[in-house]
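Asker: Top line first, the protein sequences correspond to chains A and B. In terms of UniProt numbering, the first sequence has 120 at position 120, counting the first letter as 1, and numbering is strictly consecutive. In terms of UniProt numbering, the second sequence has 185 at position 185, counting the first letter as 1, and numbering is strictly consecutive.
Just so you know, not all the hints are guaranteed correct.
Pair ranges (Cβ atoms, derived) [said to hold, decoys possible]:
hint, chain 1, residue 1, chain 2, residue 2, range
1, B, L100, A, R64, 45 to 51 Å
2, A, A232, B, D8, 33 to 39 Å
3, B, G154, A, A177, 53 to 59 Å
4, A, I162, B, F14, 26 to 32 Å
5, B, G96, A, L67, 48 to 54 Å
Everything labelled a hint here was simulated from the structure, so no lab data went into it. Glycine is no exception: its CB is placed at the ideal position from the N, C-alpha and C atoms.
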Amino acid sequence: MSTAAVHQPTAHPENRTAPQEAHVTSTATPAASSTVASAETPAAGSVPPSGPTPRAGSGRAAGRRRLAGAVAKVGPLLAAVAGIVAVWYVVTYLVLSPERRFLLPPLHQVLGTTLGNPLVMGPMLDALWQTVGVALCGLAIAVVLGIGYAVVMVQSGWAERILYPYAVILQTIPILALTPLIGIWMGYGFSARIVVCVIIALFPMIANTLFGLQSASPAAHDLFTLNRATRAQRLFKLQFPAALPSIFTGLRNAAGLSVIGAIVGDFFFQQGSPGIGGLLRTYTLRLNMDSLFMAIILTALFGVAMFSVFAALDRAVIGRWYGRSGA
Amino acid sequence: MTRTLVLDDVTKAFPTGTVALEEVSLSVSAGEFVSVVGPSGCGKSTLLRLASGLDEVSGGDVEVNATSTSYVFQEPTLLEWRSALRNVELVGELRGVPKLERRRRAREALDLVGLSGFEKQHPRQLSGGMRMRVSIARALVAEPDLALFDEPFGALDEITRLRMQTELQSLFALKSFAGLFITHSVSEAVYLSTRVVVMSGRPGRVVADIPVPWGYPRTPELRYEPEFGALVGEVSAALGEHS
Chain A
1 MSTAAVHQPT AHPENRTAPQ EAHVTSTATP AASSTVASAE TPAAGSVPPS GPTPRAGSGR
61 AAGRRRLAGA VAKVGPLLAA VAGIVAVWYV VTYLVLSPER RFLLPPLHQV LGTTLGNPLV
121 MGPMLDALWQ TVGVALCGLA IAVVLGIGYA VVMVQSGWAE RILYPYAVIL QTIPILALTP
181 LIGIWMGYGF SARIVVCVII ALFPMIANTL FGLQSASPAA HDLFTLNRAT RAQRLFKLQF
241 PAALPSIFTG LRNAAGLSVI GAIVGDFFFQ QGSPGIGGLL RTYTLRLNMD SLFMAIILTA
301 LFGVAMFSVF AALDRAVIGR WYGRSGA
Chain B
1 MTRTLVLDDV TKAFPTGTVA LEEVSLSVSA GEFVSVVGPS GCGKSTLLRL ASGLDEVSGG
61 DVEVNATSTS YVFQEPTLLE WRSALRNVEL VGELRGVPKL ERRRRAREAL DLVGLSGFEK
121 QHPRQLSGGM RMRVSIARAL VAEPDLALFD EPFGALDEIT RLRMQTELQS LFALKSFAGL
181 FITHSVSEAV YLSTRVVVMS GRPGRVVADI PVPWGYPRTP ELRYEPEFGA LVGEVSAALG
241 EHS
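Bound-form chain A, shown alone (with noise of 0.2 Å):
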């Protein structure tokens, strides 16, 4: 005989019933776009899939399909930033009259009266480098903030109506008009760039781990339900994990913002030593047009690295999470 029960009334899984309204910014869901479906059901108890087919050839064929691997990846990237130099010649010597080419001089004049000259490039890297501190601890606050934020919305329908909006108005408040006002109240150090940094990054952080956390199907809700998981083990074994392809997406869009947040707090707090948005307002203010154009340089190429740091970092993560490894 077995044991008798009677079904008492079980409480739904509360964030089913939050209401999901669409306030993301942006975000990608892996898991819905394709889903690789081999071509055939193999029969029960067939043969498992075997590793990988060993590759018949020599290596140095293999040497070359890599190469034409990198190729392919670089290649569009080397064809663009290609593209900018020609505009930016074209420019310089075609459409500019000698005596305005100083609004744009050309690039072997930049690279030339800057990069051999260590008092031009000694303070320029060092300012880079304190910039770089600035926008990494802010985008490491901004992570830490932002996803224990949503999680602690995605806890209840109430806690989200209430906090959602906080964050709404952190989002809307442009950034520009509170920094000064953070100066006032903070000083102009390391900390009050790092806060600056924080505002400008959170909210993509916030809005994507919320959506990520959201993300998880009724059916799976109901599947911990019936198994009578734990807030913990619902929080970490579903709505965690389903959230991890948002939780990146944020990043990316965090790592980009806090880039930014520095070069705003650094062009706002002149005082204290300068970061690389530090310099680029006293070279504009100087005119002083190489070392302005190789600033922007640095901070182009600081962007880029950043965003492809963590767009690398999602692949390689994602990729391994659903077990596309080796694709």
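Given the structure of chain A, go ahead and fit chain B onto it with the hints provided.
Answerer: Relative to chain A, chain B alone:
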């Protein structure tokens, strides 16, 4: 015989005023596999949600005499980031089964549904039929006394679907849980079940309860027998009168 699931005069009305089920009485005993067929929107899935405790009844009683109940959803509902093995293990994880034990049971369950060798594959590396097999393995791993199926084969192609039916009835013959299976396919219901319950359109009521005479395991060729066809006709007629 133990009545594993008893629905007694169950009514379900939603806050919107829709009455999904009206005075439905139904019981499933150990060793019985009952299919419910009915027109779409007749509350078949609601019936399952009430039986599992996911939803509450508006009137009547639900009684479950089972230490372990499992539920197979319309979609495989696998966690994309977990391998097949770890998906099946999830149930043990949530219920606090020690790791070695739950892993051994998960391997056995995958073996039972013909997926040995696919333990490490992730859902997106598996075909639709294989994903549903993992889902069934996850349901069986808990050794359920009561297994609930919510149109699990509805999204599969015909060939895969027939094969899954054959496998499911042989698993039933092996495990003899009490099964409640929702479907809109009359031949699927007849092929799988010891009894077919026919429901009317909204609000859903039980309009016929037709026993199926054959024992288990059943051969795929049973589907071509004249008696099988006659029974499918009988169920279809009951369905046609009330939809």
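Asker: Measuring from beta carbon to beta carbon, are G96(B) and L67(A) in 48 to 54 Å?
Answerer: holds (53 Å)
Asker: Check the following: the C-beta atoms of I162(A) and F14(B) are separated by a distance inside 26 to 32 Å.
Answerer: With a Cβ separation near 28 Å, I162(A) and F14(B) satisfy 26 to 32 Å, so the hint holds.
Asker: Could you tell me whether the CB distance from G154(B) to A177(A) stays inside 53 to 59 Å?
Answerer: Given range 53 to 59 Å: holds, Cβ gap about 55 Å.
Asker: 45 to 51 Å was suggested as the range; check whether the CB atoms of L100(B) and R64(A) agree with it.
Answerer: With a Cβ separation near 48 Å, L100(B) and R64(A) satisfy 45 to 51 Å, so the hint holds.
Asker: So the hint says 33 to 39 Å: do the beta-carbon atoms of A232(A) and D8(B) match that?
Answerer: holds (36 Å)
Checked against the numbered hints given earlier, this structure breaks none of them.
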